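Colleague: For reference, the chains in residue letters:
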Amino acid sequence: MTSLDPIVLFFIFGLTAGILRSELRLPPAIYEGLTVLLLISIGLKGGIELAKQPFAELVGPIFTVMLMGFLLPLVAYPVLLYVGRFKRPDAASIAAHYGSVSVGTFAVAVAYLSSQDINYESYMSLMVVILEVPAILVGIILARGISRETRWGRLSHEILLGKGVVLLVGGMLIGWVAGPEGVEPIAPLFFDLFKAILALFLLEMGLIAASQVSSLRRYGLFLVGFGILFPLFSAVVGGWLGLMLGMSTGGTMMLATLAASGSYIAVPAAMRLTVPEANPTLSISVSLGVTFPFNIVVGIPLYLQFANWLHSL
Amino acid sequence: MTSLDPIVLFFIFGLTAGILRSELRLPPAIYEGLTVLLLISIGLKGGIELAKQPFAELVGPIFTVMLMGFLLPLVAYPVLLYVGRFKRPDAASIAAHYGSVSVGTFAVAVAYLSSQDINYESYMSLMVVILEVPAILVGIILARGISRETRWGRLSHEILLGKGVVLLVGGMLIGWVAGPEGVEPIAPLFFDLFKAILALFLLEMGLIAASQVSSLRRYGLFLVGFGILFPLFSAVVGGWLGLMLGMSTGGTMMLATLAASGSYIAVPAAMRLTVPEANPTLSISVSLGVTFPFNIVVGIPLYLQFANWLHSL
Amino acid sequence: MTSLDPIVLFFIFGLTAGILRSELRLPPAIYEGLTVLLLISIGLKGGIELAKQPFAELVGPIFTVMLMGFLLPLVAYPVLLYVGRFKRPDAASIAAHYGSVSVGTFAVAVAYLSSQDINYESYMSLMVVILEVPAILVGIILARGISRETRWGRLSHEILLGKGVVLLVGGMLIGWVAGPEGVEPIAPLFFDLFKAILALFLLEMGLIAASQVSSLRRYGLFLVGFGILFPLFSAVVGGWLGLMLGMSTGGTMMLATLAASGSYIAVPAAMRLTVPEANPTLSISVSLGVTFPFNIVVGIPLYLQFANWLHSL
Amino acid sequence: MSTATTRKLVTIITESALEHNLVDDFGRLGARGYTITNARGKGHRGVRDADWSTSSNIRVEVICGEQVAETIVAYLQKHYYKDYAMIIFMTDVEVMRSKKF
Amino acid sequence: MSTATTRKLVTIITESALEHNLVDDFGRLGARGYTITNARGKGHRGVRDADWSTSSNIRVEVICGEQVAETIVAYLQKHYYKDYAMIIFMTDVEVMRSKKF
Amino acid sequence: MSTATTRKLVTIITESALEHNLVDDFGRLGARGYTITNARGKGHRGVRDADWSTSSNIRVEVICGEQVAETIVAYLQKHYYKDYAMIIFMTDVEVMRSKKF
Ligand SMILES: Nc1ncnc2c1ncn2[C@@H]1O[C@H](COP(=O)(O)O)[C@@H](O)[C@H]1O
Ligand SMILES: Nc1ncnc2c1ncn2[C@@H]1O[C@H](COP(=O)(O)O)[C@@H](O)[C@H]1O
Ligand SMILES: Nc1ncnc2c1ncn2[C@@H]1O[C@H](COP(=O)(O)O)[C@@H](O)[C@H]1O
Ligand code: NA
Ligand code: NA
Ligand code: NA
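Protein chains in written order, with this note's numbering: chain A, 728 to 1040; chain B, 728 to 1040; chain C, 728 to 1040; chain D, 18 to 118; chain E, 18 to 118; chain F, 18 to 118.
For reference, chain A alone in the conformation it holds in the complex (with noise of 0.2 Å):
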């Protein structure tokens, strides 16, 4: 059960001393250490794997996941315009976090699927580069048509340079030329470490999420229930283009988390810039207070029974 391995317990610690209100905090530079420490991790495995794969076999998934990034949004949004009853603004911004992924998300389900040994699609890290950004485009639009104001020139500078991209494509690319065996030097670190540096990780992400619960509460209950449903319905999508593009269980299993995760790092970054009309508050708060701890303890578990699911059709 998932509920026991440590790393989600160390979720589970930073939530709860969160919420009782403990003085506990990482130092901002340790905890954006630790995410730097992540994304190359992240990176490198990727990289060293999609050094065995024939190039051409990435062109559909990237294309369908491209779409999917595309897509997802787009149905957010007139549930949250209509449904939720949000401004413009709110709603483009919130549908934004959720066509995009959660690294620490994604984090935590490699560490689930090599606990579980069980494999996936090499080209999977890619994936979380690509869906960083069609989600923020979408939101841009969203919220204000196609408008001349927007810097696009900046704009895609500040995504395709951000942190969170580079890390990961330059890691990518380091396990690519390195192989195997050149990234065994540096294997103590990235990889020997990578379960106690992603639980120390959780532990602050606890400790943040559980910052967000206040802010929650005041935004009511459909904020609530759209966090919890709203990832489960992505992750039925992205279960069923993995499927139908052919990915194993794992890379179903992937795919599905990578649809049913939101960011909380590089969107709210973009929107707080682009769609500055758009209250902050609302969207972090649904995607880290109520999306991440939902998905690091019950969704991945679950996703991994869907892909079961669907595989034995």
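For the record, the hints were derived by calculation from the structure and aren't laboratory data. Fair warning: this is a prediction, and the values are worked out from it, not measured in the lab. Glycine is no exception: its CB is placed at the ideal position from the N, C-alpha and C atoms. A few of these clues could be false.
To be verified - Straight-line Cα separation of at most 20 Å, EDC-like style, residue types lysine to aspartate or glutamate; simulated pairs: (1) Lys890/B x Glu83/D; (2) Lys117/E x Asp100/F; (3) Lys99/E x Glu876/A; (4) Lys890/B x Glu750/A.
Claimed, not checked - DEER-style ranges, computed between Cβ atoms: (5) Arg45/F x Asp100/D: 27 to 37 Å; (6) Asn38/F x Pro907/A: 46 to 56 Å; (7) Asp66/E x Pro805/B: 42 to 52 Å; (8) Gly906/B x Met971/A: 38 to 48 Å; (9) Lys117/E x Asp41/F: 19 to 29 Å; (10) Gly952/B x Asn846/C: 45 to 55 Å; (11) Phe949/C x Gly872/A: 48 to 58 Å.
Please build the complex by placing chains B, C, D, E and F with the ligands on the supplied structure of chain A, with the hints as guidance.
Modeller: Chains B, C, D, E and F with the ligands in isolation, oriented as in the chain A frame:
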């Protein structure tokens, strides 16, 4: 001999560099990160062991150790007030430091016993947590009586949900739930790197201790004597209690060490807010500038000899 | 080939991300923490080896290397002054940088030789320490003569008790006292993670080096040429001295590398305070923006070939 | 700049340990906001260099009306001046959107 | 101190997310320099405690002539006041080497 | 607020490398205290973004009497203005417990 242990050498290195007025300092974020790692490691280790323990066996030790935490400051207080001629709040505050414990000292004792392959009772990390509380209460009451002004609610929140207690308790619970096998994936960071992390931590502690030396000079010889002799007295009390409780040699040594160590994080913070008229420099300089170095370099091996001697009676 | 070494790839990754103006940066506390770890690791390694060495054998190398540290800036100075047409303080300051050494370059050389299983004289980390001093003295005297205004006492305190020297010397002493077995409990951090820590360090160095490129553009081609050609000249001097001293191939390569590397921490700090009229951007941009990348990517393997060639004569 | 009005800027430099207390106090005493940065320094209680948790400072700014400023200063003087490292200074500032303060 | 002249010190406390934008703006609007420190605080948009990347503040100081000060304040009010946590206050300061500002 | 008196607040923004020197200077020149925060910024000597050790700034505040303020400003101008990134500005502040400054 312990003084050749590289961990202790790191402390002496830091102390020397500090006394020579080197510019060397670890960044505060790194120092805090090391502290977090040490506290979680100690908690995890304790929790794993605790799972093997019938709970009923804990009642006696918990009760006795709590009593020790109340009594030690009550012994220290008159000595400081009448022999040391300190003002009442200062005497109370210093006394409180010595009723509590230093996690750094505990960590060195853990490393020392493990390097000598000596076992100790698994509930020892729990004792560290338990000793945080009583000394602070006694300190406040000694300084002001049972004053209405003290915000007891807020105070207990700050003690019980302070970083130290939360990380130790959280680590213990995770270790307890996950068990030895569950913890294995995160062992490379929390167990394999334990001694090296402790070494870095002690390097910084040495630098900090050295910065207390100049304050000590101002407050004279009495404090230095107290900072060495009172811990020796406490160690005798702790060791004797360990023997009475039927502890192993390792456990006896551990309890002597806990008794002998003085707080330099939780108690100073609590005293600053509850007994502000006490001069914080006095208590920190003796606890950090005298007792901590003494325990690390001389005390810990001594307390082991003492425990051996007690058990040979 | 070295350029496939993942450590070098991390540097190139950082350099590229920086040139593309990515937002990526390691938090300063993390970068400082990595530096501390590298310096202690190098010191420990050196100290363990040094314990095996009869002290008398060190006298010749120490003396020779110190002389090298005095002479190299004396060669660089007239070139900078008359060919480069720099102002006197600028020429003196740049010259001082090249008489000293870069610990980062040394660390990469250590990793490079270890990955090729090539041994080198154990006293090399001592040489890093020794080379910190003479270049700074020469730089100051070149800039101002033996001025009364220079606070020599304070200056020597700052050089000899600066972070770099203290950590290297402290690590060496601990390694020397504790010996190979004593150091074993802390090896997982200081030795097993060495290359991965170096990789992260180089990632940040790449980002920093990239930020120097724009300053370089302003100061023209001469600096770029100097930053490549002078190290090559120095490497020849260093390698030849290594041969004269009867060093092994590895040692010869190491001395060439030390000679070829330029300081970017200790010397800039010392020059800023003692020769403030020198423009610090000039010296840092050439040392960090030209020489460091050149040595990491091209120089180190070249100096090994050179050492091999010298020994085959 | 027709909307500019004069308000008091109260700056407090004191021990980090007091941060929670001060924030509570401000709320009770009528300040609508505050800004805090970390600092180090020296004064009558010696060097506070942020090297050790008990020796770091905070620099607190509160913009408010004269009335509230006087209340805050009096309160801090009464409750903290004796036992804590603390200085307070005040100056007039022009603010925009004066209703915010 | 014969060289002292009066200039305006404009202090802006706002969201870190705006740092790049502000720096660009200053250049265009005629400021010769600026100084930034990290901060946390509370105001009408709630507590901004720097705990999470979107909730940290910066404290920006610009010294400039009255003209430029007015331009900057007007620009910031127009472009950022509605959607971002931001306060601005101004005061007169004596500067040395007045040509620098 | 009967105890309020006017003093000078001298603010210096300069290179971190000077911190030790300035602290020494203040002692000699008669200041009773100082407060320092880390900063980044831009001025005549370009962007100083704290990204690399030689490019970080400090923001130093000294509260003192007019006499000492003039001495400090004159001293800093003479010794550091030419070779270091540095600006100084001054303003009047009301202080409590005036004997402290
Ligand atoms: N004259 C001064 N100028 C600037 N800051 C001061 C001054 N005196 C004290 N401070 C600051 O206020 C803190 C507390 O002052 P004190 O209570 O005098 O120790 C010091 O640590 C300094 O940061
Ligand atoms: N009255 C005040 N005094 C000092 N700082 C304030 C005040 N009001 C707001 N601030 C600061 O300005 C930021 C933005 O303010 P606001 O737009 O009101 O949320 C806050 O996070 C505080 O750091
Ligand atoms: N006009 C200005 N407003 C605010 N800060 C400034 C200004 N000019 C310079 N500074 C600050 O003072 C430092 C040194 O200035 P400078 O000597 O002009 O390079 C800069 O890095 C900025 O932090
Ligand atoms: Na998604
Ligand atoms: Na004790
Ligand atoms: Na050199």
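Colleague: Look at each hint and say if it fits the structure.
Modeller: We went through each hint and held it up to the structure:
no., hint, result
1, Lys890/B x Glu83/D, "violated (39 Å)"
2, Lys117/E x Asp100/F, "holds (15 Å)"
3, Lys99/E x Glu876/A, "holds (17 Å)"
4, Lys890/B x Glu750/A, "holds (6 Å)"
5, Arg45/F x Asp100/D: 27 to 37 Å, "holds (30 Å)"
6, Asn38/F x Pro907/A: 46 to 56 Å, "holds (53 Å)"
7, Asp66/E x Pro805/B: 42 to 52 Å, "holds (44 Å)"
8, Gly906/B x Met971/A: 38 to 48 Å, "holds (41 Å)"
9, Lys117/E x Asp41/F: 19 to 29 Å, "holds (26 Å)"
10, Gly952/B x Asn846/C: 45 to 55 Å, "holds (52 Å)"
11, Phe949/C x Gly872/A: 48 to 58 Å, "holds (53 Å)"
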